Amino acid sequence: MNNTKHRAPLTAPSGPLTKTSTVLAFDLGGTRIKAGIVRGAEVSSVHVEALPPQRDAASVLNALVSLGKHVLQRQTVHAVGISLKGIVDPQRGTILDVNESLSDLIGFPIAQTLAETFHLPTFAENDARLYTVGEMVYGAGRQVENLLCLTLGTGIGCGVALQRRVVRGARGLFGSMGGHITVQVDGPRCTCGNIGCLEAFIGTAPLMRKAVTLYAGSGITPPEMTPQGIFAAALAGDKIAGEVATYFAHYLSVGIVSLIHAYDPDLVVLGGGISGSSQQFLPSVQQYVDEHTWTFPRGRTQIKIAELGDTAALVGVSALASGLNVLL
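So the sequence shown is numbered by this note's numbering: it starts at 10 and just counts up by one.
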């Protein structure tokens, strides 16, 4: 398959797009929509809205358009880009498959519709892959050749860069299934249909189910039932929260070891909402990875927290839409 077609806009640009082009960037997640104006690594006018209660294609599209128009407000942009969950066909600008509440968007021409609405060339790609692009070009991975990026949140997203190109493969799956490697053969069933996936243990919903189970009957008043609430309580000395944090760190470590063995990255970058609580798990994860990973030399692969934080995917969108040669 021609790799140039992977990155073709849905409408022809009126002029050449460059790394200094200004882009209207969207990040469509499992629970919210983020949009901003991006030029290089500079992100401005960021707005975030919850997904509409109705997750049908028309409602989601209306929310995207409304948010985009609000963000633009007399600003001039040269292109539009959107990061999407699931398996994405960037040539057609559609989601091919997704196992979450956005399944109504499968096959819907999201990018084409945005292109026609804003009268601009429009690009689309997988969200974790674009997060990886952002961190590779402007963030924690800008000094390395080979990078593995995990986004920790509602699900576990993954992207892999080899020789400074984020690889998508012939069917758009390469590197993106990191959240669905098996970390326990007799574990719980994942939403993808597999048994014992990494995401089935440390995605937000299963992690909170673990917390509820541990707090039940413990006599300890539970904190706010969010990953951030749990990690904050662990930091404050809550014993049950500490058990949840240890559980999270263990399964994350096991998953990272297998992914390092599969992709041999120079660096592992952790992003997503849970990464903000890294002080509670990063040291133990690095220690486990050093002790259990076979690299040459031993202990070679470092783990860092994403530098761009919540805007990494938007920056990745901009890099893609501006024509940087970042995907393979």
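Check the hints yourself; a few may be wrong.
[To be verified] Taking CB as the label site, the calculated pair distances span:
{"#": "1", "residue 1": "K78", "residue 2": "T255", "range": "42 to 52 Å"}
{"#": "2", "residue 1": "R309", "residue 2": "V221", "range": "37 to 47 Å"}
{"#": "3", "residue 1": "N334", "residue 2": "G226", "range": "51 to 61 Å"}
{"#": "4", "residue 1": "H301", "residue 2": "A179", "range": "25 to 35 Å"}
{"#": "5", "residue 1": "W303", "residue 2": "G116", "range": "41 to 51 Å"}
{"#": "6", "residue 1": "S267", "residue 2": "K78", "range": "39 to 49 Å"}
{"#": "7", "residue 1": "P61", "residue 2": "G116", "range": "13 to 23 Å"}
Rather than coming from a laboratory, the hints here were simulated on the basis of the structure. Since the model is a prediction, treat every value here as computed from it, not as a measurement. All C-beta atoms, glycine included, are put in the ideal place defined by N, C-alpha and C.
To see whether the hints hold, each was checked on the structure:
{"no.": "1", "hint": "K78 to T255: 42 to 52 Å", "result": "holds (46 Å)"}
{"no.": "2", "hint": "R309 to V221: 37 to 47 Å", "result": "holds (39 Å)"}
{"no.": "3", "hint": "N334 to G226: 51 to 61 Å", "result": "holds (57 Å)"}
{"no.": "4", "hint": "H301 to A179: 25 to 35 Å", "result": "holds (32 Å)"}
{"no.": "5", "hint": "W303 to G116: 41 to 51 Å", "result": "holds (42 Å)"}
{"no.": "6", "hint": "S267 to K78: 39 to 49 Å", "result": "holds (44 Å)"}
{"no.": "7", "hint": "P61 to G116: 13 to 23 Å", "result": "holds (19 Å)"}
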